Amino acid sequence: MLKKIFSKSYFYGGLGVFLVFSAAPFYIMLITMFKRSHDLFGPTNNPFWLNEAPTLEHLDLLFNQTLFPRFLLNTFLVGLAVVVITVLLAVPAAISLARLAGRWGESVGIGIFLTYLIPPTLLFIPLSRVVSFLGLQNSLWSLVLVYPTFTVPFCTWLLMSFFKSIPKDIEEQALVDGCSRIGAMARVLLPLSVPGIITVVVFSFTLVAHEYIYALSFIQDSANKTIGIGMTTELVRGDVFYWGALMGGALIASIPVAVLYTIFLDRIISGMTMSDVRR
Amino acid sequence: MRMPRLFERETVLAPLMLVPVALYMLLLVGFPFLMAFVYSFSNVTVGNPEFHMTGFGNFSAVLRDPVFLKSLLNTCIFTFTSIGLVLVLSNMLTELLMREFRFKWLIRFLIMLPWTAPIALGTIGYLWFLDSVFSPLDWLLRSWGLLGKPQALLGPMSNLYWLGRPGLAMASVIVVHIWRLLPLATMIRIAGMNSIPREVIEAAQVDGAGYYRRLFHIVLPLLLPVISVTVLFSTLFTFTDMTVVWVLTKGGPPDNSTQVLASLAFLKGIQGGDLAQGAAVSLFFFPVLAGLAAVVLRLAKKAVVT
Numbered sequence: 001m002l003k004k005i006f007s008k009s010y011f012y013g014g015l016g017v018f019l020v021f022s023a024a025p026f027y028i029m030l031i032t033m034f035k036r037s038h039d040l041f042g043p044t045n046n047p048f049w050l051n052e053a054p055t056l057e058h059l060d061l062l063f064n065q066t067l068f069p070r071f072l073l074n075t076f077l078v079g080l081a082v083v084v085i086t087v088l089l090a091v092p093a094a095i096s097l098a099r100l101a102g103r104w105g106e107s108v109g110i111g112i113f114l115t116y117l118i119p120p121t122l123l124f125i126p127l128s129r130v131v132s133f134l135g136l137q138n139s140l141w142s143l144v145l146v147y148p149t150f151t152v153p154f155c156t157w158l159l160m161s162f163f164k165s166i167p168k169d170i171e172e173q174a175l176v177d178g179c180s181r182i183g184a185m186a187r188v189l190l191p192l193s194v195p196g197i198i199t200v201v202v203f204s205f206t207l208v209a210h211e212y213i214y215a216l217s218f219i220q221d222s223a224n225k226t227i228g229i230g231m232t233t234e235l236v237r238g239d240v241f242y243w244g245a246l247m248g249g250a251l252i253a254s255i256p257v258a259v260l261y262t263i264f265l266d267r268i269i270s271g272m273t274m275s276d277v278r279r
Numbered sequence: 280m281r282m283p284r285l286f287e288r289e290t291v292l293a294p295l296m297l298v299p300v301a302l303y304m305l306l307l308v309g310f311p312f313l314m315a316f317v318y319s320f321s322n323v324t325v326g327n328p329e330f331h332m333t334g335f336g337n338f339s340a341v342l343r344d345p346v347f348l349k350s351l352l353n354t355c356i357f358t359f360t361s362i363g364l365v366l367v368l369s370n371m372l373t374e375l376l377m378r379e380f381r382f383k384w385l386i387r388f389l390i391m392l393p394w395t396a397p398i399a400l401g402t403i404g405y406l407w408f409l410d411s412v413f414s415p416l417d418w419l420l421r422s423w424g425l426l427g428k429p430q431a432l433l434g435p436m437s438n439l440y441w442l443g444r445p446g447l448a449m450a451s452v453i454v455v456h457i458w459r460l461l462p463l464a465t466m467i468r469i470a471g472m473n474s475i476p477r478e479v480i481e482a483a484q485v486d487g488a489g490y491y492r493r494l495f496h497i498v499l500p501l502l503l504p505v506i507s508v509t510v511l512f513s514t515l516f517t518f519t520d521m522t523v524v525w526v527l528t529k530g531g532p533p534d535n536s537t538q539v540l541a542s543l544a545f546l547k548g549i550q551g552g553d554l555a556q557g558a559a560v561s562l563f564f565f566p567v568l569a570g571l572a573a574v575v576l577r578l579a580k581k582a583v584v585t
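The listed protein sequences derive, respectively, from chains C and W.
Going by the working numbering, the letters in the first sequence line up with residues 1 to 279, in that order.
Going by the working numbering, the letters in the second sequence line up with residues 280 to 585, in that order.
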């Protein structure tokens, strides 16, 4: 009995430590965004709690006097465009690799997966020249053009394993019933792969919201910044940090992305570990 | 009548559906990848796009640059320390999260936050945590009497200046990176654990194997493929990343004490406009990338055989 209590308290203690480690920055964001400036900048005040009545002044500043809403909109628009491009490119490719391409399809699939490994920091210098050659500097279109370089390979890979898991017989049945190849794909395979496509949509969108390095390299114009670079470059003026607004904005933008990501976490992880290759 | 029939042939349809992706990847990954090599052997800058090939000039210039050597060393310290600690910590966290407990979904969500939330935004929280004057961490240390008193353990100053002192700044960058990577490593680990048949572990338990014996003789060997993939992925990811460094310190405090290769390439190539030197710096990622690619290919080959 005593041993059980002992091991249980170990368990909750350990879990608590990890929980504090992971969530503390987000907790401090939550507290700070409601703190009055007077409370915030008193070095003896408890920073982990509201010592004075909560205030909405920072959020007011964030939404009405900074470009924060614009950053959110920009990120959303780029995300939307990238999602559409990714699905249009990745779905046919994945079907082809999973169903039609046979043995060499395997090699092409692995080749596509390998391109996913090339880090942005190896490509950002040449890509910045490509972007300026096309006259897309400081434009959101530069991100729409470049972001599929990391969404497409992963999503093709993810969808490929998804299509492979759908039994071939179902399509062959449709072919026997007089469907054309493309008809069978559109009417039989696509409806069955809706969950896979939704995963791809969500994952591409979160990747866009996460991206930092390309956006930092291509966009200097304040009004065209996405959320990550906007928050870290525009709300810090010289030495003046708008702490309350900064914390509030970081939290408000993080949570929806994190929720979306978490819902599809397991499927994304299984794609990442190539558990389908090794099966 | 001919066209539709052509589409019925797999040999026609399969390449046709692959063309858009292949073309896109060739133009926006393959071509830039090649250009990175070409740039690094040239003298190209943003101001002077008519470049001449200069052979290994950039590399010898870069290798003689003390800032580069410092960045290379920093990158190695940054990578090995974070990966090592992430491995140990993810082992512990996996043990905890494999159990059942109340509000597991909420706790799991909170523990995964550092990975699922955009990293630039999460790091902003740390900017406040490690602030030179208002740092909540310093406040905590002061209230425990570890800081800010004449005889205090961490010194008499009222602040530690986390991001202002070379050693502490490096430690901060590493901790934030661990913070961010731990959830991913743990999720991959849990996925791996779930793929081990329960009977195997139970059989060992019945035979009287203790926790550590089970861990080192059964669980870890079975998890080896998963762990090696995790290590390689996170090594590549950490070795080539600059987001945490950029948001927290921009490579400073003065004297590049947290400068890493990626941020140096950014400084030279994007901000400084010296495309050739920037490309030469970032090309040092290539050996790591090639190593990982080789392992992935081997794993894939094995999968084809079995």
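Calculated directly from the structure, the hints in this document are not laboratory data.
There's no promise every hint is true.
[To be verified] Reference excerpt, derived from the structure (chain W facing chain C, CB under 7 Å, subset only):
#, residue
1, 307
2, 526
3, 558
4, 572
5, 574
Computed from a predicted structure; not experimentally measured.
Virtual Cβ for every residue (Gly too), placed ideally from N, Cα, C.
Now the hints, each set against the structure:
Annotation: interface hint on residue 307 of chain W holds; nearest CB of chain C at approximately 5 Å, less than 7 Å. Checking residue 526 of chain W against chain C: minimum C-beta separation of about 5 Å stays under 7 Å; hint holds. A cut of 7 Å between beta carbons decides the hint on residue 558 of chain W: the least distance to chain C is about 5 Å, and the hint holds. A hinted interface residue such as residue 572 of chain W counts as satisfied when its beta carbon comes closer than 7 Å to some beta carbon of chain C; here the least separation is about 5 Å, so the hint holds.
Taken as an interface hint, residue 574 of chain W does not check out: its beta carbon lies about 10 Å from the nearest beta carbon of chain C, beyond 7 Å.
Hint compliance for this structure: hint 5 is the single one not met.
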